[in-house]
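Visitor: Here is what each chain is made of, one letter per residue.
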Amino acid sequence: MTMKILDPTDERKPIKRELTSRPEHISGVVGLLDISKPRGNVLLNRLEELFDERLPDVEIRRYTKPTFTKPAPEDLRRKISEECGFVIEALAD
Amino acid sequence: MQGRNYDFPNGKTSLLCFVKEDCPTCQLSLPLIEIIQKTFSSVVEVLLIGQDHAGNSSMIKTHQLATSLLNDDALKVSFEYDLDTVPTIFLTDSVGNALTQFIGFGKQDWIDLIQKLSDLTGIAVPAIQWDSYPESHPGCGSRSVEPGIAERLEAESSGSPLRARQIDIATHDDVHEFLFDQELTDGLPVIPPTPERVLRMIKGSHRDAQEIVADIPPNLAPATVEKIAINAVMAGCKPDYLPVVITAVEAMCTDEFNIHGVSATTMGGTPAVIINGPIREKIEMNSGLGALGAGHRANATIGRAIRLVLRNIGGAKTGGTERSTLASPSKYTLAFAEREERSPWEPYHVQQGFDQSESVVTLFAVTGGPSLVVDQNSRTPEQITGSIAMVMESIPHPRARGDQDILLVLCPEHLDTITKNGWSKQKFLDEIQKATLKPLRNLLADEHSGVGASLAEFGETGPNETDLERLVPKFASTSNIHLVVAGSDAGKFTSVFQGWATGPRGSMVVSRKIEG
Numbered sequence: 001m002t003m004k005i006l007d008p009t010d011e012r013k014p015i016k017r018e019l020t021s022r023p024e025h026i027s028g029v030v031g032l033l034d035i036s037k038p039r040g041n042v043l044l045n046r047l048e049e050l051f052d053e054r055l056p057d058v059e060i061r062r063y064t065k066p067t068f069t070k071p072a073p074e075d076l077r078r079k080i081s082e083e084c085g086f087v088i089e090a091l092a093d
Numbered sequence: 001m002q003g004r005n006y007d008f009p010n011g012k013t014s015l016l017c018f019v020k021e022d023c024p025t026c027q028l029s030l031p032l033i034e035i036i037q038k039t040f041s042s043v044v045e046v047l048l049i050g051q052d053h054a055g056n057s058s059m060i061k062t063h064q065l066a067t068s069l070l071n072d073d074a075l076k077v078s079f080e081y082d083l084d085t086v087p088t089i090f091l092t093d094s095v096g097n098a099l100t101q102f103i104g105f106g107k108q109d110w111i112d113l114i115q116k117l118s119d120l121t122g123i124a125v126p127a128i129q130w131d132s133y134p135e136s137h138p139g140c141g142s143r144s145v146e147p148g149i150a151e152r153l154e155a156e157s158s159g160s161p162l163r164a165r166q167i168d169i170a171t172h173d174d175v176h177e178f179l180f181d182q183e184l185t186d187g188l189p190v191i192p193p194t195p196e197r198v199l200r201m202i203k204g205s206h207r208d209a210q211e212i213v214a215d216i217p218p219n220l221a222p223a224t225v226e227k228i229a230i231n232a233v234m235a236g237c238k239p240d241y242l243p244v245v246i247t248a249v250e251a252m253c254t255d256e257f258n259i260h261g262v263s264a265t266t267m268g269g270t271p272a273v274i275i276n277g278p279i280r281e282k283i284e285m286n287s288g289l290g291a292l293g294a295g296h297r298a299n300a301t302i303g304r305a306i307r308l309v310l311r312n313i314g315g316a317k318t319g320g321t322e323r324s325t326l327a328s329p330s331k332y333t334l335a336f337a338e339r340e341e342r343s344p345w346e347p348y349h350v351q352q353g354f355d356q357s358e359s360v361v362t363l364f365a366v367t368g369g370p371s372l373v374v375d376q377n378s379r380t381p382e383q384i385t386g387s388i389a390m391v392m393e394s395i396p397h398p399r400a401r402g403d404q405d406i407l408l409v410l411c412p413e414h415l416d417t418i419t420k421n422g423w424s425k426q427k428f429l430d431e432i433q434k435a436t437l438k439p440l441r442n443l444l445a446d447e448h449s450g451v452g453a454s455l456a457e458f459g460e461t462g463p464n465e466t467d468l469e470r471l472v473p474k475f476a477s478t479s480n481i482h483l484v485v486a487g488s489d490a491g492k493f494t495s496v497f498q499g500w501a502t503g504p505r506g507s508m509v510v511s512r513k514i515e516g
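Protein chains in written order, with the numbering used here: chain A, 1 to 93; chain B, 1 to 516.
It is possible that some hints are incorrect.
[As the list claims (entries may be wrong)] In silico EDC-like links for lysine to aspartate or glutamate, alpha-carbon gap of 16 Å or less:
hint, chain 1, residue 1, chain 2, residue 2
1, A, Lys4, B, Glu469
2, B, Lys438, B, Glu469
3, A, Lys70, B, Asp173
4, B, Lys203, B, Glu515
5, A, Lys4, B, Glu156
6, B, Lys438, B, Asp467
7, A, Lys4, B, Glu154
8, A, Lys4, B, Asp173
9, A, Lys70, B, Glu322
Derived by calculation from the structure, the hints in this document are not laboratory data. Computed from a predicted model, the values in this text were never measured in an experiment.
Please work from the sequences and hints to get the whole structure.
Guide: Here is the structure:
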């Protein structure tokens, strides 16, 4: 006899997210997001120096999450997506 | 009995008689039903509805029944008629409305029924040897209310509160292997959540099965009472535990508790569930010998249930958003109760502003422990306090100071020593703070360890002598020390659990009243 059980999950199959297509050249505004983990700023400062050296036409904007322990607030996510063509998020320790 | 379906009502006055073969009262009633069939069948349709297939055949043979007998061994008709007892007799009009209804055997009920049929049809009352019948005889339980069957019938009925997707496990599949393969367990076997079990579980709470309790991180998936009940079944909970599990899920999903961060941190966090109030007795929560260990169903399964909710509903999978470097066995389960009666101090929930008579769930995000404070030698409150403070100071690092919570599970023997001169709980906590005071000079990062206060915090000139002599306590405040009394009467072993980052940037302790 077939046994019936009830689905303990949220019944939503995970939807595969497609990566945004990668352009050949970086231009416009690049966001550097500091998630507020110790020394994340060290990595981002170095990245900003390298951008200045190699891609001086690119504008860099810096953003900071209030805490690394929680997802970025919605306002910050919207601000980054409105202002930037690219974003680099630094995880550190 | 020939396997044909029968539609009711069919436009005639009808007598419906629900019976089962192993019920002596049904057997007693069958000859009367046969007499009614023979007398009134030209105008009244008499139908027997039998509750088990083999028994139905036996009744036809034994009583040489001329009355039509409908097979209801699936019990769906009995369930829809909400039967408790057999025999149950319904006299209905041509559109199915009940005119008369009775259960069991009552001589007067049958005399009245036959008189009524005679009045309705104009056919004379048949001669019956009433002297051979008892005045009354109680009926038997309907098969549709037998344990196990009742839940199955309700789960399958159109009024079932269940809405979750049903998964059919094929005959050749092992249900336990299936559940492992689908990654629906925490690595240990679970109880298969059949509709019957889930229905029983849902009845442990007064809430509507489809009420949304919380959105469960990380996927922020809505958790209904039904979905939580499914996971509670899998964890091994009894229905009585469900209100506790639901309240714990609510507390876990608050912004203050921040279960997303607690689960995701590489430090390895998980909720410790602490229960206070009268519900501890009702569900037999262990607060005494071995309170933090194995062997008690409520402790083991309530903690496990919220972890399964997080995993299965929220999608927090190990290696996904669960990213602990090492984690700990507490990620399977961690729930216990305070031994309130053993302590002269107010219990934890009263300290948090609840009434002693209220049942309360408290969630504390633990990342380490239990670490034992082993002190079998101290005989004064000051000495025990000193020992506990020394061990607390080492968590998570002897130089760590400030914003951190700690869960202190104080054993009765240590409690007795601390309180023997009348110390209050606050006095004890104040003494802990005093015992941990260290000059800043001893708390600086140095060549022996990179952990500690950094000289850079004091500007270019560095700290002056006054700065270096400043005494710094271990905790920002005594409210960071969460004290619960538990354990057996014998043994001088207190336990300490390490918290995670506290305050709005981490996880704050959340207490919630348990509602039905």
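Visitor: Tell me the numbers of any earlier hints that the structure contravenes, in ascending order.
Guide: 1 and 3
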